[in-house]
Each structure stands twice: as structure tokens, then as C-alpha cells.
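J.: The lines below spell out each chain.
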Amino acid sequence: MSEKVSARSYWIGYQTILIKEVTRILRIWAQTLLPPVITMSLYFVIFGAIIGRRVGEMGGLPYMDFIVPGLIMLTVITNSYGNVTSSFFGAKFGRHVEELLVSPLPPWIILAGYISGAVFRAVAVGLLVWLVAGFFSGFHMHNFLVTVSVLLLTAVVFALAGFINAIYAQKFDDISIIPTFVLQPMTYLGGVFFSVSLLPGIAQQIALINPIVYMVNAFRYGLLGVTDVPLWIAYAMIFIFGAVLFGVCLRLLSRGVGLRS
Amino acid sequence: MKALEVRQLRKTYKNGVVALKGIDLDVAEGDFFALLGPNGAGKSTLIGIVSSLVNASSGETRVFGISVQNDRSRAMAEIGLVPQEVNFNQFEKPFDIVVNQGGYYGVPRAVAKQRAERYLTQLGLWDKAFRMSRTLSGGMKRRLLIARAMVHEPRLLILDEPTAGVDIEIRRSMWRFIREINEAGTTVILTTHYLEEAENLCRNIAIIDHGQIVENTSVKTLLGKLDIETFVLDLRSPIEHAPVVDGMEIVLRDPTTLEASIPKSRSLNGLFQVLERHGIQVKSMRNKANRLEELFVRLVHLDDGAAPAAAAGEQETPA
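The listed protein sequences correspond, in order, to chains A and B. Going letter by letter, the first sequence gives residues 22 to 282 in my numbering. Going letter by letter, the second sequence gives residues 2 to 320 in my numbering.
Hints listed in this document are in silico derivations from the structure and should not be mistaken for laboratory results. It is possible that part of the hints are untrue.
[To be verified] To be clear about the criterion: a stretch of chain B counts as covered by chain A if any three or more of its residues have a C-beta under 8 Å from a C-beta of chain A, and this derived list gives those stretches:
1. 52-65
2. 176-183
[As the list claims (entries may be wrong)] Just so you have them, the derived chain A footprint on chain B, three or more residues with Cβ under 8 Å:
3. 74-82
4. 87-96
Idealized CB from N, CA, C, for every residue including glycine.
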């Protein structure tokens, strides 16, 4: 590497993207951090405190306790995905992504910067929702390492997915279609509000195609010690999805799809 | 060493538009180089390829000997780009925009902050450094683009119509700044519609038309090729007919304005002798157009109607 392009210059570039992303998230906190806290508080009140009392137990746990990990995951997934789509597509739309494209930064650094920004937001809102949940059901922590690793890996996987969406998006509608018609149904059917073991035979098999089932269950294990799927399968699925999405993102960025003429 | 080498560069867009038809171009280190051409000639495509925003269909581009196609990161570290259109985040502050750009080029944050202050001050923007960029005027935004391009102190500065739509006072201050940058050793490539700008600032020039280089020489040599000059003469009293002068073309534009096209081989004295004989008194005289503009029009085969539009600084539509 030349003097101007070195591991240190790449590190500074990565830090710059991250600082810029974190600053943006904190500057517009009323759009990024506050809404998930309010929405999840309503979920806890309605599904946990009001309806939950009539539901009884789910997966051997009080319903309120059962839905907490899923709702935190729901927040992490939507925020990591949404952060990258809005930020990267916004940069593309406003053409300031060209600041990065003409710089010496290689695609993997640009990708790492945006993904890290999304993870920051996902972890921040995840933590806030966990604090709110603690108010309703108390604080649980069965396995700290599993909880944190699943939280981070899930945020990375959906940030990568959001990045692909942002690369292909041509207009603002394009970044809301996938979250509305794909992500939301997958999340709601991914065992957030129910145990997949309750599903009849074939539906249970279909549910297991959904990667969110593995993330929610692994995270539920981390917080509460119960899961519908073996932990190693959950980690394997998360890593496979993450690796595939990372490869796709890097290839799209390297070829300049949607970015370079 | 050459700051820029372009070899057999071709670009065909997906819609079939052929923007570059195999061009060759060299820009020497330390040069102040003008790239001229009418709208859609391929200037922006060429700059896009050099700055890696556009992928070439074939050919090679080298910046200080480093291949843009094979060693993009190292090549980009040498370039500062001032794009034709404002492309920074208008919801950020000028100071942050410049500092962050420094970060993308590996400039430590503390150093980037010092440079941001220096360049924003030099470009008369320091008092606006912490305002939202969207509140800046058009001229200020253009100067911010220059400050942003300079923060990593590139060896090659490419300016794509930097003064389009900027008033003359600010344009002149921008010229001064860019000239100083060049004198300090930075190679400058400038595309512009203001041909006066190219004539005043640049040492060498390439004219691109329909994706091909139609002229590539020094400004001095190019101007030497101009064999006819046109003068506008304001008359003291109205006349009815233009006088006939052998070997010159004299046209009466209105009763008190004559336009005389005179070959360089002929003396102006001959014209004045004829005017004297006809009792025509000249109040004042000026060049009809910028000299380079006349050549430009000839080289790219523009008709009389198209030339003023180019000189007026119309925005080029990217191919």
C-alpha cells in the first residue's frame, strides 16, 4: 500500500462513516430512537398486560415474559434494516454517496461503516426496549453471551439485507415495499407472539424456513433459557444468512450496481 | 511524470449511447489544463471515468502512473473532484462536510479540522462553516465543493464547470484560489463553458466533440491558429451602407455599428484608410467575441446560434 492508502487510512475512513452515522441517529433521535420505544410500550401494555393475562402461559412461561425477547428482536430487526435503507438510499438519492465512491475507500470498508451504524441504532433501541420491558416483566438474563451475540448478529444480518434493498432502490417507495410486505410478515410469523411448536405439522415445517424463527428463539434462550430450536442450528442459520448477504453486498458494491454508471 | 494518461478510452452506456470513442489524452504534472466541448460531447463521462464514478467500457486511465481500473484506491487518493452539481448532504454543516471528506481519504480528524478551517477561510466560507449547508447561496455551495475537494490535498484537482452560475466577483475569487493551488504544484484539470476562463487560466487545452478529441495543444498554439479576427466598430454618425474593403468582410449591423472580419495577414490601417475615405468616423472598437470562443465554434462546427449559448454557461446535460 502507498503512504496515502494504508490500513490506518482505511481505519480512519471506517471511523468517519461510523461517526457520521451515529451523529445522524442521535441528531434525529425523535425519528430513530423514540418511536420503537413507544410502539413496544404499547405492545407490552396491550399484548402483555391486557390480553396476555387471558392467554396464560406460552412455552412454559407467562405470556408477558414470553413476548419480551421477540419484541426486542422485532425492534432490532426493523431498526437495523431501516437505518441502512434510509441512510444509504438517502445518500444515493441526494448523490452525497459520491463522496464515498470517489474516495480511496474499498467497498468492504464502506459496507462495514454503514453496517456498524445500523448495529449501533439496533443495539440502542434494543436496550431501550429491554428497559421498558423490565418495567412490565422484570429483568431476565439467562445467558449474557448468547443474548449479546444473537442481538449483534441479527442486527448485522438485517443491516446487510437493508443494504441490498438500498442498492437496488430507485425511489423512496422501493425502501418501504420489502419492510411492509416481506419483513413484517416474516417477523410476525417468526415466533414473536407464539411458540412455533403450537403450529400444526406442515405449518411448523414452513415456519422453520423463516430465519427470524431462529433469531427469536436463540435470543429467547439467552434471556429466558427456553427455545423451540436447538441453539447450534440457530447460530448456523444466522451465520449462513449473514455470510451469503455479506457476499452479495460486497459483490454489488464492487461492481457498482445502482451506484456507478 | 504525467498526472493523467488516458489510452483508447471508450464508453458505451447501457442505452446504447456512445459517449467516448477511444480517446487518448495526456496531462503533464503541474499543468493547468482545460477540457472544452459542447453539451453531450463526453467531458463529464471522461471525468466520471477518471474519478471512478463511471466504469469504462474499454481502455486505460492512469493517474500519476497508477491505474484507475486496476488500483482504484491508490489512484483515487491522488484526485480531488469538484463535480458539476452540488452533491453534499445539504442537512450537514460545511465544516462537517469537509472534515468527513478528509476522513474518507484517511486524513486524521484533528488534521482534517485544521485544513477545513484553512480552506473554508481561504474560500470566504468560515463565517458560514457551522450553518446548515442548504442555507448557503449557489456561489457558496460551489466554493464548499472546492474546499471539500482540497481537504486531502490532492496532486490532481479536477473541476467540472466550477463557476457555472456564479457571479463575476466570486468567479474571479475562485480563479485566484485555483491559480494559487496550481502555482503551489497541484495539477488542475478544468472543464468550463466560460471560454474566457480557459483562455485566462489554462496553459494547455483539449477540445472534445462527439466523444473524440478534436484538438489537444497549448492555448497559445491554438490561439495562433486563429487567422481571422472580428471587430465591432461603433460609429459616431449613422451610415446607410457598409463600405467595401478588398480582402475583408464588412457588415453593417445597424446604422451606427459595423462588424469587420479581418485576416491576421492584413493590417488594420487599410480598414481605417477606407473608412476615412468614406468619411466614416469610429467612436470605439472592440473584439466581437472571446478569441478562444471563435476557435471553439469552428472546431466543433457549431452554427452562430449555438455559440452564444455555450458561452453563456448553460449546464451540460450528463450523458
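J.: Which numbered hints turn out to be false for this structure?
T.: 2
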